Every structure is written in C-alpha cells, then in structure tokens.
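> Below are the chains, spelled out letter by letter.
Protein chains: 2
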Amino acid sequence: MPNITLIGAGSASFSLSLIRDVIVTEGLAGSRMTLVDINEERLNVAATLANRYRDEAKADLTFSATTDRKKGLEGADFVICAVKIGGYGPLEKEREIAEAHGYYRGIGDRVSCYYGGVGAYHQLRFLMDLARDMEAICPDAYLIQTANPVFEATNIVTRCTKLKAVGVCHGHWGYRAIARTLGLDLEDVGVLMAGFNHHVWMMRFMYKGEDAYPLIDKWIEEESEEFWRDGEYAEEMAPGVIDTYRLYGCFPVGDAVRCATPWWHHTNFEAKKKWFGKTGGFDSQIGWTNYLDGKPKAFEKMQRLANDPDVVLTEELPLKAGDEQHIKIIDAIANDKQKLLELNIPNNGCIKGIPDDVLVEIPVVVSGGGFQGVMVGDFPARVMHNVMIPRWVRMENILEAFLTGDRRPLVLSLMDDGRTRSYEQAKGLIDLLLDQPWNEEAAKHYRW
Amino acid sequence: MPNITLIGAGSASFSLSLIRDVIVTEGLAGSRMTLVDINEERLNVAATLANRYRDEAKADLTFSATTDRKKGLEGADFVICAVKIGGYGPLEKEREIAEAHGYYRGIGDRVSCYYGGVGAYHQLRFLMDLARDMEAICPDAYLIQTANPVFEATNIVTRCTKLKAVGVCHGHWGYRAIARTLGLDLEDVGVLMAGFNHHVWMMRFMYKGEDAYPLIDKWIEEESEEFWRDGEYAEEMAPGVIDTYRLYGCFPVGDAVRCATPWWHHTNFEAKKKWFGKTGGFDSQIGWTNYLDGKPKAFEKMQRLANDPDVVLTEELPLKAGDEQHIKIIDAIANDKQKLLELNIPNNGCIKGIPDDVLVEIPVVVSGGGFQGVMVGDFPARVMHNVMIPRWVRMENILEAFLTGDRRPLVLSLMDDGRTRSYEQAKGLIDLLLDQPWNEEAAKHYRW
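Sequence order for the protein chains is D and P.
Numbers given in the numbering used here equal positions in the first sequence, counted from 1, plus 74.
Numbers given in the numbering used here equal positions in the second sequence, counted from 1, plus 74.
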C-alpha cells in the first residue's frame, strides 16, 4: 500500500481532511502516512489528531511525524506539498508597502497570498529544494502540488525536473455556486472547465443535456438586479463576474472570479464594492482581514480538539469523502482506477495556442498510467488574447527572473500592471520589497 | 515576362523607384507594368514620369495606367500594394482626439500612420477587398504587400485567403546606421534580424566573423555620452534604444526603435526628448510634422518634373538598384533566382513560441518555388514575453475586431495601454473615434 508524505502537515485541519479521505477510500487501507512540518507544535497537534481520528475510525493506517523533510521523503510513493513559507506577516507588510506606491491590495495575483511575496521567491525556492530532495530520495514518487502559486510553483517543477508532478486546486468547484444561483439541480449539470490555475473558465455549461449559457443570460436579464440589491451575494455571480462574461464572452469560475477579472475592477475599494459587493469581495481589506483573522482561530480549535480527549473527532469531521482531489489522485494511480479530475499538468496541445510546457488546469484522466489531459481545443478569442496570454506571460516573467536571478523580468512584468504610471514607480517598488529583512536571500538572488 | 500591377501608384516617387528597379534588373526586360490609383491627377503624373524614365533608359518595359482596380488586375502575375486610404487628414484628427483623452500622439503603433486610424479599419478593408478581387481575377498572382500596417494587413490576407502574399518593409536596413555609428565597414557586418514588422530585433550581430555585440557595449561605455551630447543623433542609437537593449537584452532595428521601445519612453514630449533627442524623434509632434510637411512638397516636385520636358529624369534618379525589395522578389520568383531577403511571411515554426499562422519578419529565401523562411529558433526571453507576445496579441485583437465586427477587442486592447486609467476612458475614446464622419462605415462595422 502507498506511502504518502504530507509536506506542510502543520495545517492540521487540512491534514485531517486528507486523512479522512484516505480512511474512506477503500483501496487505500494499509497506507502509511508521514506528516512533515518544521513547526513542531503544529506538527504534534496534527499527529495527535491523526492518530485519534484513525483510532476512532478503526482504520488500517499508520502515521509517523517528523520535522526532517529528507527523512519524511524516504520511501514515499506520493508527496503532497501544502506549504506556505514565512507565514502571512511579511506578505501583509509587502502589501502595505505596495499600497503606499499606488498598488491597492498589493502586486500579487489579486489575493496576493497566491505568490507569497515578491516574485513568489520563497515558494519557488522551497518547491525547487523539495523537488531536488525528491529526485535524490524518492525519484519515482508523484508530487501532488497544492501550494500556491500552483501555476508557477508546479510549472517550474515540471519544466526543470523529471518528477511526475501535478498541480491541485479546488477552485473549479465554484461552478456549483453558479448552478445553485440559477436554481439548477447539480446532478443534471455538466461543465467543461479549462484555463490556468485561478484562471479557469467555463468552456461548456450544460443542463439536462442542453446548453445552459442561455440560462445565465436569462438570469442576468431577469434576476441579477434583485440578487445584487443588498450588496451581499455569492461572489461567483457578482456584477464583476457578469461584466467579465460580457467583456470576454466566457464565464470565469472559482478563484478566476478575482484573479481573471479585469484590473479595472480592482483599482480601489470603491471599485471592489461596485463589482464584488459591499465588503469588496474575498480579497478586499475587509474580506481578506476576515480570512486572516480566522486562521489563528482555526488552529486554536485544532489545539483544543487535540487536547480534549472527550471530543469525538469523527463527529467534528464525519467519515465522508470531501471535495479535495489529492487522495482521489492517489487512489486512481495506486489502484489503477480511471478517474476524471480537474488538475494542472503541462498543456501538450490540449489548449490550442498555449505552448506544450505551460501548466494548464483542465480535465485530466488519472489512472495507473499517470495523467492524460483532455483535449480542450480553441479558447474563445477575447479570453485567450486579453486574459490567458497575459497571465501566461506573467508566469514566464516570474520563472525567468527566478531561474536567471535577473530582477528585470519582475520590473517589466509590473510595467504591464494597469496601475503603473512610470518605470521609476515599478522599479522602486520591486527594489524596496526586496530590501525588506525577510527578503534578504531573495535580494541576493535577483540582481540588476 | 511578368505583368506587374502597382496599386497605389499615385505615390509617384515610390512608383518611379520601383520602375527604376525593374529597368536595372536584367531578367525583367520585357515586363509590363500597370499603374493603378483612384486619384487621376496623381496617376497621370506617375504615368508621365514612368514613360519618360523608360524612354530615357531605353528600357524594354510597357506601361498602362488605370483608375479601375479590377481592370488593372487582369492578367497580373505580381500585385504590389502600396495604398494609404483616406490620406493623412483624418489620421491627424484622430490623433488630436486621442491626445485630448490622455493618449499623447494617439493610440496607433507610436507613429500612428501605421494603422491609418482606429482599428486599422480602412487599410484592412481595402486589403481584403483587393484580395477578393485578386482571387476572382488573378488568383495565381503574388501579392507583394507593402501598405501599412504590414503586420495586420498582410496577416489577414495570409489567414483568410489562398493568395500567395508577402509583406515588405525596409525598416531592417536600420542596422546599417548602427554599424556606421560604431565605425564598422558594412561589407564585414553580418546580421540576423527577426521579429514582427516594425518589431525587428538583431538576433545576431557579427563583424569580421565575430560577435559584434561587445562593440555596442564598448560604444555605450565610451562614446554614447559624447554622441548624445547635443541632442541630435541617429535615432537608431538613441538613449531610448540603448535603454531598450539594456532592459530586454537585444537590440531593436529600424522602426522597432519607435514601435518596440517601451511605452514609458513615449508618454509625453518630455519623455520623447529624454529618450530620442531634442526633437523627440521621428514620431514626436516635431518629427512627424516635418514628415507630413514634406509630403505635398515631394508631390509638387514630382509634378514639376513631369511637367518640365527638359529635366533629365535619369539624372534625378540614377539607374542604380535601390534598397526596396519588391522588384528583387519578382526577379527571384519570375526567373527562379534564389535570393535571401528580409520579408514578412507566416511563421510556420521559424520563431519558436509564435503560432504558425502569425506573420513574422525574418530572413526568407525567395525563388521560383516561392518563400521559404529561415529558422530563427528561440527569441531572448525578455523580448519574447514583454514585447513580442504583447504585440502579437494586439494584432490578434485588431483582426478579431475586424473579422467579427466586434468593438470589444479594440477597447480591451486599449485597456492594455500603459496610459489608460479607466475603462470609461478607453471605451469613450474608441466610441468617439468611430463617431467621426470618416469612420461612418467603420462605426457600422464594429458593433457593441
């Protein structure tokens, strides 16, 4: 049975949900899981919960825990990467600095947690270090890469190593909120979603075997105004999303609601409120602060659960498969069960006009044979030219800067930001961000 | 011997230089040339000069002239297109309107004559009309397309028709000014230039068999300051060009000096003067006004020459082949003489990362078999991602708007302009430009 290593296991609630998924997956009984995190306190909480949850469920599953990544990789068949290097503090400070230079909410991919800081340096460095360790210790293991930026950080691994790597996200489930808003029975909804991570579009939307895009048009005409009236609504159907659909002729799904909507929806809080509701949406100062505030609370809850032997964990987290795809991938590969998932793999011709070695998020058939992308074909022209290609280019600039240690691609990329007024503004900001103490190593890496 | 039809022959000096090139090309004796222009006055001047020049040269060359395009295409083997629809008046008014909306010098490709107005509508419409006529009247003729925008207007023909079309420009000769500034003997200079029309880069620059890029670096270090001191210098070596070389790692050639240098070199007259000398360069209000002022003078000179039987034309324009490539193409094809020229043809893999059906300006082997592109391979990453791909996308937006009659790609494209502050600004300007009387047909074509 497979050995599964979870890097970044200190996110105890995420770890527990993966463990739950392993336990409810029949074919994975007897698996061994190794929890890895550099934070011993968090790792202990996760390990305690893991063992108790397994015992309650009477599952055949072995755990070990280590702060030593290399040790954790020994014998691994699957490595799940879910790290966030450096926490949120530096990130929020980078955002503040960027705001003072004219970039509302910072220069990331809208929710600037996606990059984890300027140039995505810390996340890319970690992924490449991890990948090199895997090549040395478990070269045949699959890397199931779910750490942001999924696009850049997985793409650098698929380009620069021989590892079998796949990027995993859950954003595509956003289509359910669209269907729900339209009052459709999810059972009868069929969707083809494709794009890049956080830039996923509904290429086809079917209901009971017929094109359901006209149902969106009808909803816009007849119901949207009422839906938007009080300023509180599912972001998946926000005015900004409908405007994006009007502009590009295709419907964005999941995180694309933020990341693939046009820059002029996000220039300041007024614009955010106009397009995403009275809190300005998930990545406004209100939405994001709420999200960050929830983080320590979530960990405190995990600590409380771990420390209270009277809590029944399987009541807190019932034994029922969740939405995340990580364990489904492992089941499909380890047991050669064909599954159709929504994953990030090199394009290899699936989306026309995107180079073969660029990571795309598309339907993928997973089996004992690995990953087979589903042919998507042509993208709608306006989306391709005005959203997809510019996003692809940004990825290239970030990887080019990282791989060559050249600061210029970072500045050039920022010159393409609709909020940039001058070269001095962009160069000054990149230099200043790299001057911060937590970026000391990055500043040495990215040279002029 | 070939029948050559020249569309837009009313540009008498250009026509005369082509005639001169035919006359000095041994293999083209006996050719027939048909001069076509809708302006009868200009056409008569051109025809008078053509006949007198031929007689002086005692050349075996027959001329006819007509204002009827279809008639002019009958029996054509080669059609040279050099039209500029609508003249410069409307264009200059569009520029003024754009300036009032925050776009210094308008929204074209720097020198906004390149598009001939918003969306390049008039030029694209003409080219497609001409191409349809050719398909009906002379489907086997070659279209030698030199009317701006060479990129878009030739690409629409190669994509949408079965004509054998090639785009021709002379911008690449700009490398000579670079070599001259460095004090190099042109005989010993070797260059590989590639890109898109008006976006050509020196991929290789050799002198006496060795890499000559270090000679540029040395010149920058030791001579550039002195060279720039009085603010009057060859634009090919302007501070803006050197800055572009520093940013992207490759040297722009010819019109790329204006069109492929970054947007922040062109935001206002101060920036233009800083980067391109005290007149602000060829496309500043000073440079461009000088150029426009020269146009009627040039035609008056042609009229004077035509009306004065005592003038010896072969003294005015000596019998010596010029730099333009049009007639060389015809000689290569009609007489199956292999020639290596710098032309615009569909990429078909020659520049890596650019789709096959995108027109590229590269070295092309021309012969009786037609056009064979020379494999260029990888482009330097920073140029590719930050200049070439955005320029390719702009072409796609212009063609998409034209082919679908959709106004959105025009606005979306303008949203990517570094000077655009809001959607309303861009949409308002596109709408206003299309509202002008000379754009009545275009306004009906591009719908919301």
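Among these hints, one or two may not hold up.
[What the hints assert, rightly or not] Quick partial rundown of chain P residues pointing at chain D, CB under 7 Å, derived from the structure: (1) W338; (2) D452; (3) A455; (4) N460; (5) I463; (6) N471; (7) L486; (8) Y497.
[Unchecked claim] Per the computed footprint, the stretches of chain D lying under chain P, defined by three or more beta-carbons under 8 Å from a beta-carbon of chain P, are: (9) 280–287; (10) 434–443; (11) 482–490.
[Claimed, not checked] Think about it this way: if two alpha-carbon atoms lie no more than 27 Å apart in a straight line, the pair counts; the simulated DSS-like pairs of lysine-lysine are: (12) K501(D) to K167(D); (13) K238(P) to K292(P); (14) K369(D) to K238(D); (15) K426(D) to K413(P); (16) K501(D) to K352(P); (17) K158(D) to K518(D); (18) K426(D) to K236(P); (19) K292(P) to K348(P); (20) K394(P) to K375(P); (21) K426(P) to K167(P); (22) K144(D) to K238(D); (23) K292(P) to K501(D); (24) K236(D) to K426(P); (25) K426(D) to K426(P); (26) K501(D) to K132(D); (27) K394(D) to K132(D); (28) K292(D) to K167(D); (29) K347(D) to K426(P); (30) K501(D) to K348(P); (31) K348(D) to K501(P); (32) K518(D) to K144(D); (33) K394(D) to K413(D); (34) K501(D) to K347(P); (35) K158(P) to K292(P); (36) K238(D) to K426(P); (37) K501(P) to K292(D); (38) K238(P) to K413(P); (39) K426(D) to K238(D); (40) K158(D) to K238(D).
By construction, these hints were calculated from the structure, which means they are not laboratory data.
No experiment lies behind these values; they were computed from the predicted model shown.
No residue lacks a Cβ here, since even glycine has one placed at the ideal position from N, Cα and C.
> Confirm or reject each hint.
Now the hints, each set against the structure:
no., hint, in the structure
1, W338, "holds (5 Å)"
2, D452, "violated (12 Å)"
3, A455, "holds (5 Å)"
4, N460, "holds (5 Å)"
5, I463, "holds (5 Å)"
6, N471, "holds (6 Å)"
7, L486, "holds (5 Å)"
8, Y497, "holds (5 Å)"
9, 280–287, "violated (count 0)"
10, 434–443, "violated (count 0)"
11, 482–490, "holds (count 6)"
12, K501(D) to K167(D), "holds (18 Å)"
13, K238(P) to K292(P), "violated (44 Å)"
14, K369(D) to K238(D), "violated (32 Å)"
15, K426(D) to K413(P), "violated (35 Å)"
16, K501(D) to K352(P), "holds (26 Å)"
17, K158(D) to K518(D), "holds (21 Å)"
18, K426(D) to K236(P), "holds (23 Å)"
19, K292(P) to K348(P), "holds (22 Å)"
20, K394(P) to K375(P), "holds (21 Å)"
21, K426(P) to K167(P), "violated (39 Å)"
22, K144(D) to K238(D), "holds (18 Å)"
23, K292(P) to K501(D), "holds (26 Å)"
24, K236(D) to K426(P), "holds (23 Å)"
25, K426(D) to K426(P), "holds (15 Å)"
26, K501(D) to K132(D), "violated (58 Å)"
27, K394(D) to K132(D), "holds (15 Å)"
28, K292(D) to K167(D), "violated (44 Å)"
29, K347(D) to K426(P), "violated (43 Å)"
30, K501(D) to K348(P), "holds (18 Å)"
31, K348(D) to K501(P), "holds (18 Å)"
32, K518(D) to K144(D), "holds (26 Å)"
33, K394(D) to K413(D), "holds (18 Å)"
34, K501(D) to K347(P), "holds (21 Å)"
35, K158(P) to K292(P), "violated (42 Å)"
36, K238(D) to K426(P), "holds (26 Å)"
37, K501(P) to K292(D), "holds (26 Å)"
38, K238(P) to K413(P), "holds (17 Å)"
39, K426(D) to K238(D), "holds (23 Å)"
40, K158(D) to K238(D), "holds (21 Å)"
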